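From first to last, the protein sequence lines stand for chains R and D.
So the first sequence is numbered by this note's numbering: it starts at 1 and just counts up by one.
So the second sequence is numbered by this note's numbering: it starts at 1 and just counts up by one.
Please keep in mind that the hints were generated in silico from the structure rather than gathered at the bench.
All values derive from a computational prediction rather than experimental measurement.
In this text, a Cβ means the ideal position worked out from N, Cα and C, and glycines have one as well.
Hints may contain errors.
Unchecked claim - DEER-style ranges, computed between Cβ atoms:
1. R:Ala78 <-> D:Gly122: 34 to 44 Å
2. D:Leu20 <-> R:Arg67: 23 to 33 Å
3. D:Val247 <-> R:Glu81: 45 to 55 Å
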Amino acid sequence: MTRTRSFSPAAKQVLAALLDRSGSWSHGYDLAKITGVRSGTLYPLLIRLEERGLLETEWQPPADPGRPPRHIYKLTAAGIEVARANPVDPVGADRSSLREVRT
Amino acid sequence: MSRRALRKLSDAMLVRMVGLAPAYMRNWAEAVRAEAAAIADDGEALRFAAGAGSGLALTFIKARLNDALGLASGRIGPRRLAALATTAAVMIGVIHLHLAGASPSMILVNIASLGVGLALLGAAGAWRGLPDHGRSIAAIIMAGLLVLTSLFGVSSHGVVRWVAAGPLLVQSSLILLPALLMMFARKATAACTAALVIAAGAMAMQPDRAMAGAMVAGIAMLWLLHRSRNVTIVLAASASGFVATLVQADNLPPVRFTEGVFTETWQVHPLLGIAVASAGALLLLPAAAFGTGDRDCARQCAVFGAVWLAIILAALIGNYPTPLVGYGGSAIIGYLLSACMLPPRQPARDRLPPAAKPPVPPQPDILARLFPKQTPCG
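All chains should be built: construct the whole structure from the sequences, respecting the hints.
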């Protein structure tokens with residue numbers, strides 16, 4: 001029997017943000033800004049999502065010479081399914097929007 | 001220090017972190033470095049790097065520990081880790097007993113109990129392999145034994161919680177209750193629910209706040225992780241049992257080498273105090289190591305941790321037995337019996353291959369500019 005894992009509100013926020021942009025790549029800083037999830041929570045979360053095969057990562061060549069390449073993320077097909085099955089809780093969504101207003 | 005200098009400092013910290021990371025996670029430290037470098041505002045970049053750096057440091061340390069102990073690969077499961085933790089804790093306890101002047105027979109009892117407990121743990125496969133009805137009967141018998149102890153056990157200062165086993169007094173709740181709670185955490189069947197309601201009644205019959213509190217802690221943890229009607233019923237019963245223990249007078253005087261051990265060891269020597277405190281922390285190792293893995297395994301390990309944390313805290317604040325490091329075989333056997341109910345191992349996670357290194361950005365050819373190609377002489 002396949003078991004589903006429950007996700008934390010922060011994980012659901014990140015999954016939702018990545019789902020919104022499914023098909024295109026996201027940067028870590030942008031994800032932190034959109035979701036309001038702190039960078040200290042975001043990166044361990046991204047690692048876990050990648051470990052579970054829900055997240056695809058890639059290095060993006062720098063736009064300007066001398067700049068380091070950036071790590072970019074998008075959901076895998078399994079990740080899209082999981083994100084759809086784990087929408088953001090209504091309370092979490094409200095909090096997220098408040099954070100966006102404040103920043 | 002200017003923000004730019006702080007930014008350089010945070011970058012240097014992230015460079016160090018690349019070295020801290022296991023090979024398959026190294027790209028994540030590089031990723032944070034690159035992301036912070038792309039943020040225009042120095043203060044914002046610093047906050048981002050410091051936050052991500054601290055989050056990653058914990059992840060990297062945990063991954064390194066898991067790799068070192070073979071936890072991630074499934075080589076060591078919760079049960080084997082509990083056996084290692086118990087052996088280490090009991091050995092530290094034996095050193096404490098020896099230094100504090102306990103009799104050799106006390107040391108012998110603890111070592112013999114460790115042997116009995118490890119033998120039980122060795123046979124844990126058979127225990128977990130019991131069919132549901134077998135486990136139900138076992139749970140009801142265990143609960144019945146707790147009631148019988150409360151009714152007809154050995155009394156001391158008006159408290160009845162022991163069974164005489166030859167010259168030794170065995171605290172049946174310390175042996176049976178954690179195991180019963182772990183059986184319930186694994187599968188909250190109707191028979192287990194009934195057994196735990198009976199056990200809560202047995203706890204309420206005498207003022208053992210430590211074990212009644214451990215029961216509430218374990219069931220509350222289970223309720224947080226896996227709510228069901230049966231869990232709610234047992235939570236209500238155990239909370240009522242705990243309240244009943246609070247309203248009864250507990251005039252039991254402390255027993256040297258068994259109770260108040262954490263504070264006593266500091267008086268013998270601070271290093272011994274640290275060693276004994278570390279041994280207490282070792283008991284929580286299976287919960288700490290496996291509390292975030294596979295859901296079933298994590299739930300059982302979390303309940304195991306909550307129960308034993310409550311027993312340790314009770315020993316710290318009241319006249320209750322100090323598990324494993326103090327004199328007493330009941331806690332040693334009880335700890336290992338409850339560890340029998342833990343899953344043998346966590347399903348191994350897929351190990352990622354070493355991460356791809358970030359591509360090297362094109363750099364201006366400094367050497368070519370400094371030493372332009374010259375036409376050969378002659």
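**OP:** Indicate whether the distance between the beta carbons of R:Ala78 and D:Gly122 respects the range 34 to 44 Å.
**Re:** Roughly 39 Å apart at Cβ, these two residues keep to the hinted range, so it holds.
**OP:** Take the C-beta atom of D:Val247 and the C-beta atom of R:Glu81, compute their distance, and say whether it sits inside 45 to 55 Å.
**Re:** 53 Å, holds
Original post:
Measuring from beta carbon to beta carbon, are D:Leu20 and R:Arg67 in 23 to 33 Å?
Top reply: 24 Å, holds
The structure shown violates none of the earlier numbered hints.
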